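Chemist: What follows is the residue order along each chain.
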Amino acid sequence: MNNLETLFETVGEVFKVDPSTLDESSSQDSIERWDSFGMINLINELEMVFELNFNVLEIVEFRTIGIIKDALKAKGVDFS
Amino acid sequence: MTPASWSIKAWQPEARSLIRDALESGRPSAIAAALDAAHKQAAIHQAPAFSLGISSTFTLGPQQPALELGLSTIPSNPQIVISDHDTIEQDLLDPASPLLVQPLDALLVLWRAEELMAELLRRRHMLSKDQRHEIIDQAAGRVQQLVSAYTEASPLPLFLSTLPSSLMMAGDVMETNQPAGILAAIARLNETVLACAAENPGVHVFDFAGWTQRQKTGWYSSKMDFVAKQPIAAQAAPFFGSYLAEHFRPLVGPMKKVLAVDLDNTLWGGVLGEDGIAGLSIGQDYPGKLYWRVQELVASLKARGVILILLSKNNAADMEEAFATRSDMPLSLTDFTVIKANWRPKADNLQEAIDELRLGLDSVVFIDDQAIEREAMRFHLPDVEVPEIGEDPLEVIEMLAQNPWFARYGLTDADLQRSEDYLRESERRKLRAASSNLETFLRSLEMRMTVDPLGTATIPRAAQMCARTNQFNVTTKRHSEADLAAFVADDGIYFTATLSDRFSNQGIIALCLGRPINGASDVREIEIDSLLISCRALGRGVERALFAAFVASAARAGYARIRASFLKTKKNGQCENLFADLGMSLETSGPDAKHYVLELPATVDAPDWIEFAHMDV
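Chains A and B supply the protein sequences, listed in that same order.
Numbering of the first sequence is given in the working numbering, commencing with residue 232 and proceeding in unit increments.
Numbering of the second sequence is given in the working numbering, commencing with residue 8 and proceeding in unit increments.
Heads up, some of the hints might be wrong.
What the hints assert, rightly or not - Listed next, the in silico BS3-like pairs over lysine-lysine satisfying Cα-Cα at most 27 Å (straight line):
id, chain 1, residue 1, chain 2, residue 2
1, B, 309, B, 320
2, B, 230, B, 296
3, B, 575, B, 484
4, A, 247, B, 347
5, B, 223, B, 296
6, B, 263, A, 306
7, B, 296, A, 306
8, B, 236, B, 223
9, A, 300, A, 247
10, A, 304, A, 247
11, B, 296, B, 309
12, B, 264, B, 347
13, B, 47, B, 577
14, B, 575, A, 300
15, B, 347, B, 309
16, B, 577, A, 247
17, B, 223, B, 264
18, B, 484, B, 236
19, B, 577, B, 236
20, B, 484, B, 577
21, B, 320, B, 296
22, B, 264, A, 247
23, B, 263, A, 247
24, B, 230, A, 247
25, B, 263, B, 309
26, A, 247, B, 223
27, A, 300, B, 236
28, A, 247, B, 575
29, B, 347, B, 484
30, B, 578, B, 236
31, B, 264, A, 304
32, B, 263, B, 136
33, B, 320, B, 263
34, B, 264, B, 320
35, B, 264, B, 309
As the list claims (entries may be wrong) - The following residues of chain A were derived to be distant from chain B, with all beta-carbon distances above 10 Å:
id, residue
36, 292
37, 300
38, 305
Hints were generated in silico from the structure; no laboratory data involved.
Note that the structure is a prediction, hence the values are computed from the model and not measured.
Glycine included, each C-beta is placed from N, C-alpha and C at the ideal position.
Whenever a hint applies, use it, and build me the whole structure from the sequences.
Modeler: This is the structure we're talking about:
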């Protein structure tokens, strides 16, 4: 599985949605369980899966999967 | 000890391995998967139901599955209901609170200095000694008042947590040496908690502080504390769940009564038949002191009423001689109710001993250093609890010291008689009488609400509230900052409200947007486009105060009619009847929406325990 698939898989697991229905524009508005509770679990899950730490200020921007992907990319996760 | 060593032996192997994954990783999805698997285990559905209500000053909701998973590992079918909005008095004293409307077996209050004494932590450098004392006295008084109001009204066992030390403060040398400093303040509150439990038979202590010290992976996440006020680190959450399991075990099922214990390499070091009495390792020096400690702990269990059985593969005469020679040891042979020293299988010996005592095998815990003996016991007598420890005396010491199998709270019979599936009507009436206590409490908060017109400074926070507020939000319209800026440039009544009380300033906690309806009628009408309140301000009468402010402004501005709608979502059920409760008339109603109207002028009484700072909107 490449990192993009891992990202979709992780989001899918946390919010209990089929990863194949997700794309980079999937957001808080399109995913029902992505509320403030879900957000906390998503961040914890991503930090464990990708073995990295988000800066406390980055998290506030995480509204879409695309934004999260960019944040992961900036931390050296390869999406090529 | 991990929950994996608890009573999950009746689970399917796949479910057990999912639990292990969840504990090792702490990943929320692994926890969810393990909990799903747990729910499919027949063992859980046969276990006694246990329903725990938690009222917490910090966020715990997202970690509910981890806590439930922990509680599933003792023989129980658990349900956990969490109110984590720092609204403890409302949760415990209002019979209509989200916790008390549930059928509960116990209530747990989790609190920390960060919320109970927020002023002290945030402004500590600016406070005089007297001010510090005042804050500490107020917080201690609040705990005492809460407990006395609650115990008058409710028969449910109440567990009060100790306050953990504040990690943000650890190492602050000046603060440590400060009279009435944080350390002293936390110690004082913990003393208050302990005293409340000592004075009230239905109140018990939950040692939250003890867990934070014991948790090896680090319990605290400063990042998530800032982001979401969720201090318990994700990796630590399942362990907190298993700590809950240890703690609440006595309420869930019958406790163990018998400790059956091996002798060689368990109660002393060495093998009597090979090493001789002189070769045994037990005494005041390492390594003998490990076994000395084990014996002390076993002796203390006996003092608490646990029945001891000795199961040893030794010649009885040799064993008697060893105990006689080493009469200085904490345990003597007379401490054991039954002694079986022979070469028969231990399961046979235990079965016989239990029959003699007329007890059940399910009341027995068996400890042995040899894996093969433990396995044999599990195979022959599956009802006996056989923890997977023994080789390492330190693990035995930790387990005996934590004493999960034989714990008692010093509960009275009345406490132990677990509540029916619901609070009985008479109890509910008593609780209702206690709402006068709630009102007394609300009054004592000295709440002050300020209503301000929505403007440049407050639009970002207002948009954030539109995006995030799900529960107390009548229409759930997700307005952006640009939308809001466009509204205020137009006609209408738009305001935010801030709330402060004598404990803290909560900042902006509510938003109300009133938009004129153009041309629909010959009278001037205004519609409540949005009305939302942050969870942390609920249960205080804020909604009524807010609505009173809106009605007064609308009348002043010359409107003749107010319209309002409730648009149902999956999350906003708690404000479904808001407008009816506030005195509006229902005009039309469908499955997903209700529309209300109020003719002006009208009077809405705001609760007199909230003082308005100003109302110019």
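Chemist: Now tell me if each hint is right for this structure.
Modeler: Status of each hint after checking the structure:
{"no.": "1", "hint": "B:309 with B:320", "verdict": "22 Å, holds"}
{"no.": "2", "hint": "B:230 with B:296", "verdict": "42 Å, violated"}
{"no.": "3", "hint": "B:575 with B:484", "verdict": "12 Å, holds"}
{"no.": "4", "hint": "A:247 with B:347", "verdict": "55 Å, violated"}
{"no.": "5", "hint": "B:223 with B:296", "verdict": "24 Å, holds"}
{"no.": "6", "hint": "B:263 with A:306", "verdict": "52 Å, violated"}
{"no.": "7", "hint": "B:296 with A:306", "verdict": "51 Å, violated"}
{"no.": "8", "hint": "B:236 with B:223", "verdict": "22 Å, holds"}
{"no.": "9", "hint": "A:300 with A:247", "verdict": "19 Å, holds"}
{"no.": "10", "hint": "A:304 with A:247", "verdict": "24 Å, holds"}
{"no.": "11", "hint": "B:296 with B:309", "verdict": "20 Å, holds"}
{"no.": "12", "hint": "B:264 with B:347", "verdict": "18 Å, holds"}
{"no.": "13", "hint": "B:47 with B:577", "verdict": "26 Å, holds"}
{"no.": "14", "hint": "B:575 with A:300", "verdict": "33 Å, violated"}
{"no.": "15", "hint": "B:347 with B:309", "verdict": "18 Å, holds"}
{"no.": "16", "hint": "B:577 with A:247", "verdict": "16 Å, holds"}
{"no.": "17", "hint": "B:223 with B:264", "verdict": "30 Å, violated"}
{"no.": "18", "hint": "B:484 with B:236", "verdict": "25 Å, holds"}
{"no.": "19", "hint": "B:577 with B:236", "verdict": "24 Å, holds"}
{"no.": "20", "hint": "B:484 with B:577", "verdict": "14 Å, holds"}
{"no.": "21", "hint": "B:320 with B:296", "verdict": "23 Å, holds"}
{"no.": "22", "hint": "B:264 with A:247", "verdict": "44 Å, violated"}
{"no.": "23", "hint": "B:263 with A:247", "verdict": "40 Å, violated"}
{"no.": "24", "hint": "B:230 with A:247", "verdict": "25 Å, holds"}
{"no.": "25", "hint": "B:263 with B:309", "verdict": "13 Å, holds"}
{"no.": "26", "hint": "A:247 with B:223", "verdict": "31 Å, violated"}
{"no.": "27", "hint": "A:300 with B:236", "verdict": "25 Å, holds"}
{"no.": "28", "hint": "A:247 with B:575", "verdict": "23 Å, holds"}
{"no.": "29", "hint": "B:347 with B:484", "verdict": "74 Å, violated"}
{"no.": "30", "hint": "B:578 with B:236", "verdict": "21 Å, holds"}
{"no.": "31", "hint": "B:264 with A:304", "verdict": "58 Å, violated"}
{"no.": "32", "hint": "B:263 with B:136", "verdict": "50 Å, violated"}
{"no.": "33", "hint": "B:320 with B:263", "verdict": "24 Å, holds"}
{"no.": "34", "hint": "B:264 with B:320", "verdict": "23 Å, holds"}
{"no.": "35", "hint": "B:264 with B:309", "verdict": "10 Å, holds"}
{"no.": "36", "hint": "292", "verdict": "12 Å, holds"}
{"no.": "37", "hint": "300", "verdict": "18 Å, holds"}
{"no.": "38", "hint": "305", "verdict": "17 Å, holds"}
In summary, the numbered hints that this structure violates are 2, 4, 6, 7, 14, 17, 22, 23, 26, 29, 31 and 32.
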